[in-house]
Amino acid sequence: MARLLRNASSLRSYMFPHLQESRRGLLGTSTQLCNFATKGKKKSKSDASDSGEEGMSKKDLALKLALDQITTSFGKGSIMWLGRSVSPRHTPVVSTGSFSLDVALGIGGLPKGRVVEIYGPEASGKTTLALHVIAEAQKQGGYCVFVDAEHALDPTLAEAIGVKTENLLLSQPDSGEQALSLVDTLIRSGSVDVVVVDSVAALVPKGELDGEMGDAHMAMQARLMSQALRKLSHSLSLSQTILIFTNQVRSKLSTFGGFGGPSEVTCGGNALKFYASVRLNIRRIGLVKKGEETVGSQVLVKIVKNKHAPPFRTAEFELEFGKGISREAELIDLGCKHKFITKAASFYYIDNRNFQGKDALKKYLAENVSSRDELTKKLREKLMDAEGEDGKESVDGDSVEEIVASDTTDEEAVTAAEA
Numbered sequence: 011m012a013r014l015l016r017n018a019s020s021l022r023s024y025m026f027p028h029l030q031e032s033r034r035g036l037l038g039t040s041t042q043l044c045n046f047a048t049k050g051k052k053k054s055k056s057d058a059s060d061s062g063e064e065g066m067s068k069k070d071l072a073l074k075l076a077l078d079q080i081t082t083s084f085g086k087g088s089i090m091w092l093g094r095s096v097s098p099r100h101t102p103v104v105s106t107g108s109f110s111l112d113v114a115l116g117i118g119g120l121p122k123g124r125v126v127e128i129y130g131p132e133a134s135g136k137t138t139l140a141l142h143v144i145a146e147a148q149k150q151g152g153y154c155v156f157v158d159a160e161h162a163l164d165p166t167l168a169e170a171i172g173v174k175t176e177n178l179l180l181s182q183p184d185s186g187e188q189a190l191s192l193v194d195t196l197i198r199s200g201s202v203d204v205v206v207v208d209s210v211a212a213l214v215p216k217g218e219l220d221g222e223m224g225d226a227h228m229a230m231q232a233r234l235m236s237q238a239l240r241k242l243s244h245s246l247s248l249s250q251t252i253l254i255f256t257n258q259v260r261s262k263l264s265t266f267g268g269f270g271g272p273s274e275v276t277c278g279g280n281a282l283k284f285y286a287s288v289r290l291n292i293r294r295i296g297l298v299k300k301g302e303e304t305v306g307s308q309v310l311v312k313i314v315k316n317k318h319a320p321p322f323r324t325a326e327f328e329l330e331f332g333k334g335i336s337r338e339a340e341l342i343d344l345g346c347k348h349k350f351i352t353k354a355a356s357f358y359y360i361d362n363r364n365f366q367g368k369d370a371l372k373k374y375l376a377e378n379v380s381s382r383d384e385l386t387k388k389l390r391e392k393l394m395d396a397e398g399e400d401g402k403e404s405v406d407g408d409s410v411e412e413i414v415a416s417d418t419t420d421e422e423a424v425t426a427a428e429a
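Counting the sequence shown from 1 gives a position; this note's numbering is that position plus 10.
Keep in mind the hints are simulated off the structure, nothing from the lab.
Misleading hints may appear alongside valid ones.
With a cut-off of at most 25 Å between alpha-carbon atoms, the simulated DMTMM-like pairs for lysine to aspartate or glutamate come out as follows [what the hints assert, rightly or not]:
no., residue 1, residue 2
1, K349, E338
2, K149, E377
3, K216, D184
4, K372, D361
5, K315, E326
6, K372, E338
7, K373, E169
8, K283, D343
9, K283, D158
10, K368, E302
11, K387, D343
12, K262, E132
Beta-carbon label-pair distances, calculated as ranges [to be verified]:
no., residue 1, residue 2, range
13, I89, A376, 49 to 55 Å
14, H348, L219, 39 to 45 Å
15, T324, K68, 52 to 58 Å
16, E132, K300, 19 to 25 Å
Glycine is no exception: its CB is placed at the ideal position from the N, C-alpha and C atoms.
The whole structure should be built from the sequences, with the hints applied where relevant.
What follows is the structure in structure tokens.
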């Protein structure tokens, strides 16, 4: 049977050879058409790309290819043009609770998505100022966290300042690693607005806790802070969380610094100084007395570092024991300074009314919100105009720059002289 089939096929090819040639011709022409079509498509694509890249120089073309490769490898938004991005021009802020400090910061408060350090001697108001920031953030509807590494937070004081303690997350960690891991987790969630760590000096490394009393642990806390800040800096900018560290100061013995070296240093190494966008040095400069009784303290805050406005400005306000920052006393002092309030001996004159003593005027401003808001508005306009005029004077060149030798030996003055 197979032999019969082979014979039949050979007989057909012998009798009709033109059919085989026509079939081969059709196959060849179809293959040539397909090849021509694919070549035409490739040529049209190359022509289009050449026409789009004709106006670009080799440098621009190389940059475009590099940007495309980065976007493909790391995702959209990994690199962008600064002036063409949709990011806000003005930095979002949270008020500090002090009018004069907000003005001194230049942007109206503490910047979101940044690290802030508040340091100073004991009983100077570091925790009180941090609690005021929490209260202002809660007024905007934000969630706040207080990491109490010192295990010494007073809920009564927090409520008196204005903190809603029922909406405040509190953690009292066992070690520094636990505290900073907790902070990292909360910041990565993107759901909290302010995180306060009180304080850096109380973040004890686990190795130090496990060791014996008297063991030497060189730079263990500094390495812990350096590693934590390296991990947290990226998450902070994405979540727009303010991370506030309160810190203590220590007296420094003159070793290699010699005469004129810094007399005080902060705890936790140097990493926090570099990563912090705002550093506030807060100190008590006096006491507020009512008769023989001491009812508060006068506080001076110096902005040692500020990445958003000129640094080394100062703000002075009054801290009332058990109540926090006295905003009314702050407005009275600024109002007298800028002539919105007239003072004669112990009498104060405002809104066509006379008040005998500062306490009477403070009570009036606390009860009359409209008068207080009007005075605040006038002061803000006055201070902002003064800043604008100072900027114009410096541009015009009327003011003469001078290098003044510092007569103090504290840390921030020496840092400014070295810079």
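Each hint tested on the structure:
no.: 1; hint: K349 <-> E338; verdict: holds, 16 Å
no.: 2; hint: K149 <-> E377; verdict: holds, 20 Å
no.: 3; hint: K216 <-> D184; verdict: holds, 9 Å
no.: 4; hint: K372 <-> D361; verdict: holds, 14 Å
no.: 5; hint: K315 <-> E326; verdict: holds, 17 Å
no.: 6; hint: K372 <-> E338; verdict: holds, 5 Å
no.: 7; hint: K373 <-> E169; verdict: holds, 21 Å
no.: 8; hint: K283 <-> D343; verdict: violated, 32 Å
no.: 9; hint: K283 <-> D158; verdict: holds, 21 Å
no.: 10; hint: K368 <-> E302; verdict: holds, 17 Å
no.: 11; hint: K387 <-> D343; verdict: holds, 15 Å
no.: 12; hint: K262 <-> E132; verdict: holds, 16 Å
no.: 13; hint: I89 <-> A376: 49 to 55 Å; verdict: holds, 52 Å
no.: 14; hint: H348 <-> L219: 39 to 45 Å; verdict: violated, 53 Å
no.: 15; hint: T324 <-> K68: 52 to 58 Å; verdict: holds, 54 Å
no.: 16; hint: E132 <-> K300: 19 to 25 Å; verdict: holds, 23 Å
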